[in-house]
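S.K.: Construct the entire structure; sequences and hints are all you get.
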Amino acid sequence: MAWDIQLGVRVLEGVEAKFYLNAMRFVVEYLEEVEELGDELDAETGDSRTERLTPTHLRRSQF
Numbered sequence: 001m002a003w004d005i006q007l008g009v010r011v012l013e014g015v016e017a018k019f020y021l022n023a024m025r026f027v028v029e030y031l032e033e034v035e036e037l038g039d040e041l042d043a044e045t046g047d048s049r050t051e052r053l054t055p056t057h058l059r060r061s062q063f
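Counting in my numbering, the sequence shown runs from 1 upward without gaps.
If you're looking for bench data, these hints aren't it; they were derived computationally from the structure. Here the structure is a predicted model, which means the values were calculated and not measured. Check the hints yourself; a few may be wrong.
What the hints assert, rightly or not - Computed Cβ-Cβ distance ranges for the label pairs, DEER-style: (1) 32 with 1: 17 to 23 Å; (2) 4 with 24: 18 to 24 Å; (3) 37 with 2: 32 to 38 Å; (4) 3 with 28: 16 to 22 Å; (5) 27 with 4: 21 to 27 Å.
Even glycine gets a Cβ: it sits at the ideal position worked out from N, Cα and C.
M.R.: The following block contains the structure:
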């Protein structure tokens with residue numbers, strides 16, 4: 001992994017690279033799981049009405 005930054009090229013190696021790749025793998029797996037749920041997501045609101053949630057709503061609320 002390498003990025004151009006103001007101080008030159010930043011290269012991730014060893015532990016940093018493993019950490020970055022594991023974090024990216026976790027995020028991709030999580031988003032795939034949320035996407036699989038699709039339209040099956042319902043949430044009860046405070047006024048006893050059912051509101052439809054989409055994976056996009058969940059992603060916004062998580063981050």
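S.K.: Which numbered conditions among the earlier hints are violated in the structure presented, ordered from lowest to highest?
M.R.: none
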